[in-house]
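So the protein sequences, as listed, match chains A and B. With positions in the first sequence counted from 1, the corresponding number in the numbering used here is that position plus 952. With positions in the second sequence counted from 1, the corresponding number in the numbering used here is that position plus 952.
Careful, some of the hints might be misleading.
Given that identical chains are not distinguished, each listed pair holds provided it fits within a single copy or across any two copies.
To be verified - Cut-off 30 Å, straight-line C-alpha distance, at most; resulting in silico cross-link-like pairs (DSSO-like, lysine-lysine):
id	residue 1	residue 2
1	Lys1339	Lys1165
2	Lys1156	Lys981
3	Lys954	Lys1165
4	Lys1070	Lys974
5	Lys974	Lys1303
6	Lys1355	Lys1148
7	Lys1006	Lys1303
In case anyone wonders, no lab produced these hints; they're calculated from the structure.
This is what each chain is made of:
Number of protein chains: 2
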Amino acid sequence: MKTDILIVGGGPAGIIAGQTAKGIDPELKITMVKDEPGIIIRCSEPYVIGGEVKLNDIIHSDDEMIGSKGITVLVDRVTGIDYKRKTAWTRNNREISFDRLILATGAKPFIPRIQGNKLKNVFTLRNAEDTKNLKRVSDKAENAVIIGGGAIGVEVGSLLRKKGLNVTIVEIASQLLAGAYDEEFSQKVELVLREKGINVLLGKGVSAIEGEKNVEEVSIEGERIPADFVVISAGVRADTELAEEIGCRIGRFGIKIDKYCRTSLNDVYACGDCAQSLSFITKKPVPSQLATTAVLEGKIAGANAAGGREEFPRIVNPSVTAFFDSAIGRVGLTEKQARDEGIPYVVGYGKSLNKYPSQREAEFIENKLVFEKETKRLIGAQVFGGKEGIDERIDLLSLAIHKGVRIEDLCHFSHCAHPELSPLPFTEPIVLAAEDALNRI
Amino acid sequence: MKTDILIVGGGPAGIIAGQTAKGIDPELKITMVKDEPGIIIRCSEPYVIGGEVKLNDIIHSDDEMIGSKGITVLVDRVTGIDYKRKTAWTRNNREISFDRLILATGAKPFIPRIQGNKLKNVFTLRNAEDTKNLKRVSDKAENAVIIGGGAIGVEVGSLLRKKGLNVTIVEIASQLLAGAYDEEFSQKVELVLREKGINVLLGKGVSAIEGEKNVEEVSIEGERIPADFVVISAGVRADTELAEEIGCRIGRFGIKIDKYCRTSLNDVYACGDCAQSLSFITKKPVPSQLATTAVLEGKIAGANAAGGREEFPRIVNPSVTAFFDSAIGRVGLTEKQARDEGIPYVVGYGKSLNKYPSQREAEFIENKLVFEKETKRLIGAQVFGGKEGIDERIDLLSLAIHKGVRIEDLCHFSHCAHPELSPLPFTEPIVLAAEDALNRI
């Protein structure tokens, strides 16, 4: 068969790339090859395992999200591509010739080399099958060990604990959510998890996962923790296999792309988890395996593959994580990252109630802003608190970083105030943090 | 007595002006004259009347908020000022000579000339006494009539209705929240109020408030509505009496100030409800009797009276109103205002769930963005939905207006996404509205 644009991969990057291309030029013939039928909303998988959401509610049909947009969907797998002949072959013996190729091949869970990692009931969490199995096993289990204290580890751990399991999270770094937050913000998360009874082991490596056939315990530097199952949430790695085969240049975190989401090969675009993003602030490669990045890059890749010329504004990686009644969010550089990059900086802290103090449900919200010292521009932020107002503040601060907002802009930031909805007029934590930073300069 | 800075008025503008001046130069002698002891958080008054919050919880002592900052507080009233001699006299026969004067005299409720407006149980809502009386009377009443369908009218009406009263809101304009929202957004509010059983009368004037001594009914263009009490919430007018006396230039909406919050007289500053703000977008005078504006202007007036030179970024009037389980917010110009100003514009609409669809508590959130056609810059926004995420989106859009954000910036806006906290990655309503606007250009 022949197609104008071939999209390999059916995650958010591929879907949005296809929809965008079709929106720009409805005449284009667009074909998407994806491994499995249906689209699972991956961020919701922990909630299915926790029993708060049904698996069926987080799976959408290909038809609904892709087919109805006039894109041909093939549930199949591309096994080889001849770049010069612009032809792809699939597992089901299809031959597809294309004009332009969009690689949206995603990422694979990283599995550390630990003895016993192939035992039964050792899981990673990526697709619907993983989710179903983890739900089934955890429904009858008592003890869970989670290897990796990143966002997925923290969320799965919290939801399993809410379900009543004994949960241990073991993380080789000295803090939870390492790389994303400064230590004092990670510690706020740690404190909540510990208060809720999660056993948090930091700076410790797993020696072995032990058991006959099923997992029975996890050995962590001498300590032995009983485990009915293990979740490995040690991050993901870009799936660059096809890209490498056809000769795309590959970077440390994935397929190299420019600001138009073009790879090093003509007419080949990449987007989403398989692509290597560049930091808006440092201009250096940065890992960014987020659905939101995938959507943004999908838009750019799709538009440009359809003949447009849209630019990607680079990555500030806004993200947010929820656990029990709390949430934490981050964007841009942490203080540590600014220091490691050799960027002279100043930080500011702000803390206040997220509603007027007289409102019963008021909860504390606190944030830390990182500014480049010379330009006084915002380069990073971390926000912690109850579940209301964390993600939107991160969104605001993401826009602020992209628009070059300075300390003084935030000191004079014109926001709204309402007893039920926001802090008192003179206690907005973003403004307090900016004022604090100004005092430290 | 002698003081470096005399502040007349003890609302948010005066308090923040004093605190800011003291922060800049702790040696300054600062004196504040205020009418009543204590500081009431005025936005919370409707919640006290509704019985959700206690009056004591929204009153702070002068000591806590002013005295402890090293500012001398006099509960008294300035009755006259000799500008040339830089001396003020008070009701309690104090004579205060000053170097610099900050007028933060606030605003007074506007009372339309309606027959019967002096009857017992006809209230306005401004100070603690009003709040206490309205709480007491409404606790035993059945029927309330609210004259004026602005933010205060809508909030007091909703909270009285929640308390079980029969509530009529009568508004002379053809829509609720007139001037702040376009008609189709006001109608969303109207629909909620009607669904909850509030009698909303639009485009109608009150002929008379009737009764012997107490209010008994309100006559509205022939219709007679039973009323145990009446709340007049017809807006406020800047209190410019003292300013006029000493010869400050007065504008349509209050004391004229420049971007340094200086009045037309040397060494005299004004801030808050008594001052006339200028629009960031049109550069024209605009009413802005919000606590948040008062705080911003207080910072500028205080800093500059203390010898600084800070500039006020002009007004975009972000604000938000809550009623029952809903909230609505706005910032900048409405579509109608853009049209009336002769600014060529394009609008865009976006609507989506505020959480992932699989989350049980997900609620719709919808917004309308107004862009200047030529520059594609954001000049206005309106957001409606449940109570989560309205005010923070308005804050974000306020910052966006101030930073000259364009349609394309918002189409490529890098935000976070999380099942429990935010819309799906490709359904952020701000992005959807920007994409919609781009399609309409």
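**Item:** Structure versus earlier hints, numbers of those that do not hold, lowest first
**Value:** When the structure is compared with the hints, numbers 1, 2, 3, 4 and 6 turn out to be violated.
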